[in-house]
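Q: Residue numbers (our numbering), protein chains in the order written: chain Z, 1483 to 1799; chain R, 814 to 1190.
It is worth saying that the hints were derived from the structure and are not from the lab. Predicted, not measured: the structure shown is a model, and the values here were computed from it. One or more hints might be untrue.
[Unchecked claim] Cβ-Cβ distance ranges computed for the label pairs, FRET-style:
no.	chain 1	residue 1	chain 2	residue 2	range
1	Z	R1556	R	P1131	28 to 38 Å
2	R	M1115	Z	L1618	58 to 68 Å
3	Z	E1512	R	K833	34 to 44 Å
4	R	Y1139	Z	R1541	29 to 39 Å
5	Z	T1617	R	F826	12 to 22 Å
6	R	I1099	Z	G1526	37 to 47 Å
7	R	L838	Z	L1618	32 to 42 Å
8	Z	G1526	R	F837	23 to 33 Å
9	Z	L1724	R	L838	17 to 27 Å
10	Z	L1618	R	Q1104	45 to 55 Å
11	Z	D1653	R	F826	57 to 67 Å
12	R	R890	Z	L1618	58 to 68 Å
Ideal Cβ placement from N, Cα and C applies to all residues, glycine included.
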Amino acid sequence: MTDNDAPPVIVRDLVKRFGDFVAVDRINLEARRGEIVGFLGPNGAGKSTTIRMLCGLLRPTAGQALVAGYDVAREPERVRQRIGYMSQKFSLYNDLRVIENIRFFASLYEVPDSVLKERVSWILDMAGLSGRKSTLTGTLPSGWKQRLALGCAVLHRPPILFLDEPTSGVDPISRRQFWELIHTMAAEGVTVLVTTHYMDEAEYCNRLVLIFQGRIVASGSPTELKQRAMTGELVLVECAPLGLALDLLRQTPDVADAAVFGNALHVVVPEARTMIPRLRTHLSQHGVIVARMEPIRPSLEDVFVSLTAAQGAGGKA
Amino acid sequence: MLGRLRGMLIKEFIQVFRDKRSRFLLFGPPVIQMLVFGYAATLEIRHIPTAVLDFDNSQVSRDLLSRFTASPYFDVRARLNDRRQIGELIDRGDVTVALQIHAGFAQDLRKGRTARLQVIVDSSVSNTALIAVGYVNQIAGRFSQDYQRERLFSTSPLVQSQLPSIVLDRRPWFNTDFDSQWFFVPGVIGNLILVMVVSLTAFAVVREREIGTLEQIMVTPIGRLEFILGKTVPFFLIGLLDTTLISLVGTLWFGVPLRGSIGVLAIGAILFILCMLGIGLFISTISMTQQQAMVSGFFFNMPAITFSGFATPISSMPEFMQWLTYLNPLRYFLDVLRGVYLKGVGLDVLWPQMTAMGVLGLVMLTISVARFHKSLD
């Protein structure tokens, strides 16, 4: 790293093709020191493929990725010294004890003996495993395993951390604890790139990158995205039957979009205040019983749906 | 470098030896199989189930049949009086050989004519059938010789002393009693080491690929060679220990003599295990799942054993196949095993086999290491 101010992660026109399938299509990205960048997108959008290229696990078809100042395609080994990686698959050895897993990864990263003891007790504290270092890893609850895996991934104190759906299959409380750890690390200057499809997790990120069909469709802070992406206001509609209401709303002029969210509908309109009475009448006239209809603040999920819908329509045209 | 390799080795040894079952699986089955194969694998054909039909029922025919009854090679299980019964017995597999003596057998002999002994044989197991017919031929030949001598002796006693004949002066080297266990036990050692080392190595890598730990290891700075050494050194040692164990069973239990030097045997075993590590690693580089590794392993093991000269001599294979056997490390290791065990020969004789294994091992390990990438595509 010659330039201390250079962003730790720089991605330029990165492409990955598997045969005819374009998994990642000219992605550009920069991540600053201490920034938490979230990759958001449906399964198969290219999030994991991008992360794997940044770790040197997959070779880019075209484009360039500089991680910690090194080209991942040319000097993957130098990159590996400076990154931590944790994937959606639980990647520790279930048949090793907690301490044996830690020692194993410490040896791979050549963590010096002088600091090993301190790192070990840091991981045990962080993962809540103090006094359980002789437990077989496979018998730990998933939240603890996940924190142990994170600990093992950052044993060598890497300045950059890649997390590929790190919290899949972990209970909500453990997820929150996990994210607190990530925030602590980011505060200490670690750059974190994380993929997720939990919308609530996306709110923890400083910056979000929405990926759809291999391309970045939007990026910005969660708040920015919400403001920018939604042209109009969002109305929550609780009614029955849902399907009929959805069809009716979609046919109504002035309704930009309507989608099912849980057991209700989210409807995008130019102005909520004037539209709500109109929609209420319209629905009741066609036999829909409306329980609730009120303006709400958009969630990231709304943003995501609206952006990918726009992208999908644009792609077809 | 050494720190990482040490870490890999510690981890591998912990995983291999952690639980009782996997400890047992490393050493139990090879020893048990050695015992089973040592007893079961034999080329000797004895107690061939036999049926006889004696339509002549004369002194002479009974005399001939009694030679079969007395022979260790035939086990006369049925005396029939109807030809049709033969088909039934052979179909059911109750007998392999049926001997039929025609009416007038004794009379033909008495009149100096050729008498016929019919041999019906189930040749669906062709090798056994061939050998059975050979034995029948031997017994009938001896009988015919004795009959001739007896008649000559009774007519002109003087002639007998002038009858020329060839007497076989048997001098079997190395295995005086033609004990087929002595032949098989060294071969079984080779087979067991092949199967053990290839599958252990292939599975060890593929299992990590399957559970996802391989991906995690790939993003660490570990070197390709460190990883491969970490994976192979434990199985190299286990392979050597297995060789020692089953060789001990061969020597102490089956009494197969170890006439040559243990050192030469050890060199052969080390070179052979290196070849098998290479094959195992190669299989692991082409297999994504343990199931694929198992099938690929099978695809290697069966031909390797068949074309090694373990059971059937290489010299009777088609010429093209004979050429292929030169690529088979087991072929050379069997030469070394039988050479050291039974012939007691040393490196002065076995160096070509050792060289061949060394070269094959080096080539296979190089290919496997070259094919092993720290990436997923």
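Q: Compare the structure with each hint and give your call.
A: For each hint, the structure was consulted:
Take R1556 of chain Z and P1131 of chain R: their Cβ atoms lie about 51 Å apart, and the range 28 to 38 Å is violated. The supplied range of 58 to 68 Å is broken by M1115 of chain R and L1618 of chain Z, whose beta-carbon atoms lie about 38 Å from each other. For the pair E1512 of chain Z and K833 of chain R, the beta carbons lie near 54 Å from each other, so the given range of 34 to 44 Å is not met. The hint said 29 to 39 Å for the Cβ distance between Y1139 of chain R and R1541 of chain Z, and at roughly 38 Å that hint holds.
In this structure the supplied range 12 to 22 Å holds for T1617 of chain Z paired with F826 of chain R, their Cβ-Cβ distance being about 20 Å. A hinted range of 37 to 47 Å is violated for the C-beta pair I1099 of chain R and G1526 of chain Z, which are about 26 Å apart. At roughly 19 Å, the beta carbons of L838 of chain R and L1618 of chain Z sit outside the given window of 32 to 42 Å. Separation of G1526 of chain Z from F837 of chain R is about 44 Å and departs from the stated range, judged on CB atoms against 23 to 33 Å.
Here the CB-CB span from L1724 of chain Z to L838 of chain R is close to 57 Å, at odds with the stated 17 to 27 Å. Under the hint 45 to 55 Å, the C-beta atoms of L1618 of chain Z and Q1104 of chain R, about 26 Å apart, miss the expected range. Between D1653 of chain Z and F826 of chain R, the C-beta spacing of about 35 Å breaks the proposed range 57 to 67 Å. Checked against the hint of 58 to 68 Å, the C-beta distance between R890 of chain R and L1618 of chain Z comes to roughly 60 Å, which is consistent with it.
The structure shown violates the earlier hints numbered 1, 2, 3, 6, 7, 8, 9, 10, 11.
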